[in-house]
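Peer 1: Residues per chain are reported as follows:
Number of protein chains: 2
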Amino acid sequence: MKNTVFIAKSLDGFIAGENGDIDWLNSIPNPDKIDMGYTELIQKIDAIVMGRATYETVLGFGIDWPYTKHVFVLSHSINSIQKDLKNKVTLLHGDLNDILKTIHKKGYHNLYIDGGSTIQNFLNEDLIDEMILTTIPILLGSGFPLFGNLNQPLAFDHIESKVFLNQIVQDRYRRRR
Amino acid sequence: MKNTVFIAKSLDGFIAGENGDIDWLNSIPNPDKIDMGYTELIQKIDAIVMGRATYETVLGFGIDWPYTKHVFVLSHSINSIQKDLKNKVTLLHGDLNDILKTIHKKGYHNLYIDGGSTIQNFLNEDLIDEMILTTIPILLGSGFPLFGNLNQPLAFDHIESKVFLNQIVQDRYRRRR
Numbered sequence: 556m557k558n559t560v561f562i563a564k565s566l567d568g569f570i571a572g573e574n575g576d577i578d579w580l581n582s583i584p585n586p587d588k589i590d591m592g593y594t595e596l597i598q599k600i601d602a603i604v605m606g607r608a609t610y611e612t613v614l615g616f617g618i619d620w621p622y623t624k625h626v627f628v629l630s631h632s633i634n635s636i637q638k639d640l641k642n643k644v645t646l647l648h649g650d651l652n653d654i655l656k657t658i659h660k661k662g663y664h665n666l667y668i669d670g671g672s673t674i675q676n677f678l679n680e681d682l683i684d685e686m687i688l689t690t691i692p693i694l695l696g697s698g699f700p701l702f703g704n705l706n707q708p709l710a711f712d713h714i715e716s717k718v719f720l721n722q723i724v725q726d727r728y729r730r731r732r
Numbered sequence: 556m557k558n559t560v561f562i563a564k565s566l567d568g569f570i571a572g573e574n575g576d577i578d579w580l581n582s583i584p585n586p587d588k589i590d591m592g593y594t595e596l597i598q599k600i601d602a603i604v605m606g607r608a609t610y611e612t613v614l615g616f617g618i619d620w621p622y623t624k625h626v627f628v629l630s631h632s633i634n635s636i637q638k639d640l641k642n643k644v645t646l647l648h649g650d651l652n653d654i655l656k657t658i659h660k661k662g663y664h665n666l667y668i669d670g671g672s673t674i675q676n677f678l679n680e681d682l683i684d685e686m687i688l689t690t691i692p693i694l695l696g697s698g699f700p701l702f703g704n705l706n707q708p709l710a711f712d713h714i715e716s717k718v719f720l721n722q723i724v725q726d727r728y729r730r731r732r
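Chains as they are written, first to last, in this note's numbering: chain A, 556 to 732; chain B, 556 to 732.
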């Protein structure tokens with residue numbers, strides 16, 4: 556069983572700027588649209604776990620549902636999933652450890668944990684095993700931070716670093732247990 | 556003329572933990588005491604610029620004065636330098652651009668900017684040209700952050716990344732102007 560974070564952040568640790576600005580994520584020219592490991596990650600995982608905000612952001616893109624793996628949306632406020640997504644999305648809420656038990660019982664063990672608040676909640680319960688962090692070389696100065704307060708410090712092992720497009724550093728860390 | 560930052564930070568961007576804790580900086584075993592580029596940096600620079608807090612922290616170590624280059628201490632509250640350091644330390648205060656003019660006039664052009672508040676103040680005035688950031692693979696959860704609010708986003712170019720001790724990533728960024 557493994558919970559993996561795969562996310563892009565600014566040099567000062569934000570995943571979105573003021574007012575949710577994410578234009579800076581594409582500030583480095585990427586003519587061949589390399590995906591920096593995203594497809595490889597999606598192939599490896601069994602399911603995606605995200606928060607309500609991320610779910611609604613994706614819906615708001617107005618594109619076809621982009622996920623090829625089952626998505627678990629953590630929310631206390633959403634009561635139902637729109638019809639066409641009922642086979643693709645499951646709503647869950649409650650204690651994170653209970654949520655994980657539920658997901659594991661359904662046969663999903665290798666999980667991609669996405670969304671700022673969800674990642675922070677998982678880290679606060681020490682439930683993240685691996686983090687693949689992609690750093691865009693910009694200081695935003697403000698916005699929504701990737702990391703938040705923790706109950707305790709968490710040590711990781713550095714696994715590897717890659718540089719994409721000569722500008723973007725991607726570091727892989729594994730929780731030291 | 557160049558202003559360089561060379562500093563270690565946690566994975567979540569802190570340069571000190573709660574109550575100024577910096578023990579985690581040495582959490583990765585370093586039996587051969589490699590300096591990760593520090594000596595090379597000191598050789599390249601003409602002088603060091605630091606804030607009062609860093610200056611007093613260094614004095615508090617109770618060791619011999621560790622700097623071989625002239626140190627400019629930015630402080631509104633300190634009025635004098637202890638006798639034995641008078642040839643090694645100069646006090647300055649005022650507007651950062653004026654301070655830089657003063658330092659440049661004295662013949663120091665290649666500056667190492669140190670200390671959390673000082674680095675943040677320089678960045679806020681877009682006065683940092685290069686940053687060498689050394690990342691210890693630990694999430695602290697709280698403490699004194701390296702980066703703060705900015706008047707505007709600042710784009711950098713990634714120059715190189717190195718991995719020390721198989722665990723510590725050091726990234727060099729240059730301000731894109």
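If you're looking for bench data, these hints aren't it; they were derived computationally from the structure. Computed from a predicted structure; not experimentally measured. Among these hints, one or two may not hold up.
Where chains are identical, the list cannot tell them apart; a pair therefore holds if satisfied intra-copy or between any two copies.
Unchecked claim - List of simulated lysine-lysine pairs, BS3-like, C-alpha gap at most 30 Å:
1. K557 x K717
2. K643 x K588
3. K717 x K588
4. K717 x K599
Peer 1: Hint compliance check: list the failing hint numbers for this structure, sorted ascending.
Peer 2: none
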